[in-house]
Amino acid sequence: MTTQLEFGIDFTAIGPAVGERFPDVVLPDQHGRHVDLHQVRNGRRALVVFHRSAGW
Amino acid sequence: MDVLAAFAAKQGITYTLFSDQGSKLIRDLGLLNEHVYEHHAAYGIPKRDHHWGVPYPGVFLLDAEGRVTQKRFQQSYRERETGVAVLERGFGLASSAHGAPVRSQAQGIRVAARLDSPAYRAFQRLWLTVDIEIDTGLHVYGQPIADGLIPLTVEVTPAEGRSDGTPEFPRPKPHRLAGLDEAFYTYEGKIAVTQPLTFIVDAADAVVEVVVRYQACSDELGCLMPQTVTLQVPVQVQDHIDRPRQR
Chain S
1 MTTQLEFGID FTAIGPAVGE RFPDVVLPDQ HGRHVDLHQV RNGRRALVVF HRSAGW
Chain A
1001 MDVLAAFAAK QGITYTLFSD QGSKLIRDLG LLNEHVYEHH AAYGIPKRDH HWGVPYPGVF
1061 LLDAEGRVTQ KRFQQSYRER ETGVAVLERG FGLASSAHGA PVRSQAQGIR VAARLDSPAY
1121 RAFQRLWLTV DIEIDTGLHV YGQPIADGLI PLTVEVTPAE GRSDGTPEFP RPKPHRLAGL
1181 DEAFYTYEGK IAVTQPLTFI VDAADAVVEV VVRYQACSDE LGCLMPQTVT LQVPVQVQDH
1241 IDRPRQR
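In the order they appear, the protein sequences are chains S and A. With our numbering, the residue at position 15 of the first sequence is 15, and numbering never jumps. With positions in the second sequence counted from 1, the corresponding number in our numbering is that position plus 1000.
Don't read these hints as lab results, they were simulated from the structure. One should not assume that every hint holds.
What the hints assert, rightly or not - In silico contact screen, one side only, chain A against chain S (beta carbon under 10 Å); selected entries:
(1) 1004
(2) 1019
(3) 1021
(4) 1042
(5) 1051
(6) 1053
(7) 1054
(8) 1091
Unchecked claim - Taking beta-carbon pairs under 8 Å as the criterion, some of the chain S residues facing chain A (in silico):
(9) 6
(10) 7
(11) 16
(12) 20
(13) 21
(14) 27
(15) 29
(16) 35
(17) 41
(18) 44
(19) 48
(20) 52
Note that beta-carbon positions come from the ideal geometry of N, C-alpha and C, so glycine has one too.
Model the full structure from these sequences, guided by the hints.
Have a look at this one:
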């Protein structure tokens, strides 16, 4: 098995930048309700995780 | 959504899971993982079309105003951090969930080494933290360093099945001796050195060997003999939630 973990991707240029407001997100949740990220944060700090899939 | 509901139920997840049907948000944010096939090739995994559309693996930390304060992303879709790392290194909170520290001491210093977690899963990035406490009145040398002096080094002994990152040292402070123009760079008191380690096979419980080398000196008494402290930090292997370990 190969063990490569580094591929030279520069994440500073990928996705919302540090210091920017995270864009508005309104998407269905696991219960089928439409949820607004910034609304559900309710003035608190938050962790937004990008996960590859809940299916594999 | 059904997939998310099943996943949340199975894993006991109560926080919000967003369903990004067709990877629209992922694309809009520029987070579509364009390296996924390249990574399959590197790992010797056959190309799987249903893997296209996944995001780069990582997290955004938002402050109370919703601004991004940190991006913590991994190069490989296989790799991920522990919750402890996100809490401690991201949010600056103290977790009680990390591995038990292994302690040792030698002339002039006390050393404690611990991992984020007492157990690992393959491709989970664990941070090793080595806390070093130097006795009052003594200092050890950092880098840059003059010839003939021995700097503080913290090394993990390489092991098969583990990929080790680069250790991160705090910045040493300039230290001047009376009558000398040259400044030395030294550490005093308490410092912490951290290093990421990623287990790439999950065959068995393991031990991370940490070797600390240093020479402690005092302005009045000069230098003590160079010393080496070796610590053995045990870590257990943990089964994946959904599938048995690869052996």
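Status of the hints after comparison with the structure:
Checking residue 1004 (chain A) against chain S by beta carbon gives a least distance of about 4 Å; that is within 10 Å, so the hint holds. The criterion of a C-beta within 10 Å of any C-beta in chain S is met by residue 1019 (chain A), whose closest approach is roughly 5 Å, and the hint holds. Against a cut-off of 10 Å between C-beta atoms, the interface hint on residue 1021 (chain A) holds, since the closest Cβ of chain S lies about 8 Å away. This hint holds: residue 1042 (chain A) has a C-beta 5 Å from the nearest C-beta of chain S, less than the 10 Å allowed.
Restraint check, residue 1051 (chain A) versus chain S: the minimum CB separation of about 8 Å is within 10 Å; hint holds. Taken as an interface hint, residue 1053 (chain A) checks out: its beta carbon lies about 9 Å from the nearest beta carbon of chain S, inside 10 Å. Hint status for residue 1054 (chain A) relative to chain S: holds, with the closest Cβ pair at about 4 Å, below 10 Å. A least Cβ separation of about 7 Å between residue 1091 (chain A) and chain S falls short of the 10 Å threshold, and the interface hint therefore holds.
Because the closest C-beta pair between residue 6 (chain S) and chain A is about 5 Å apart, less than 8 Å, the hint holds. With a least beta-carbon distance of about 5 Å to chain A, the hint placing residue 7 (chain S) at the interface is held under the 8 Å criterion. Taking 8 Å as the C-beta cut-off, the interface hint given for residue 16 (chain S) holds, the closest approach to chain A being about 5 Å. The interface hint given for residue 20 (chain S) holds, since its Cβ lies 6 Å from the closest Cβ of chain A, which is under the 8 Å cut-off.
Taken as an interface hint, residue 21 (chain S) checks out: its beta carbon lies about 5 Å from the nearest beta carbon of chain A, inside 8 Å. Look at residue 27 (chain S): its Cβ gets to within about 4 Å of chain A, closer than 8 Å, so that hint holds up. With a least beta-carbon distance of about 5 Å to chain A, the hint placing residue 29 (chain S) at the interface is held under the 8 Å criterion. At its closest, the beta carbon of residue 35 (chain S) sits 5 Å from a beta carbon of chain A; the interface hint therefore holds under the 8 Å criterion.
Interface hint at residue 41 (chain S): satisfied, since its Cβ lies 7 Å from the closest Cβ of chain A, which is below the 8 Å cut-off. The restraint placing residue 44 (chain S) at the interface with chain A holds, with a minimum CB-CB distance near 6 Å, inside the 8 Å limit. For residue 48 (chain S), the interface hint holds, since its Cβ comes within 8 Å of a Cβ in chain A; the closest pair sits about 4 Å apart. Below 8 Å, beta-carbon pairs count as interface contacts, and residue 52 (chain S) has one with chain A at about 4 Å; its hint therefore holds.
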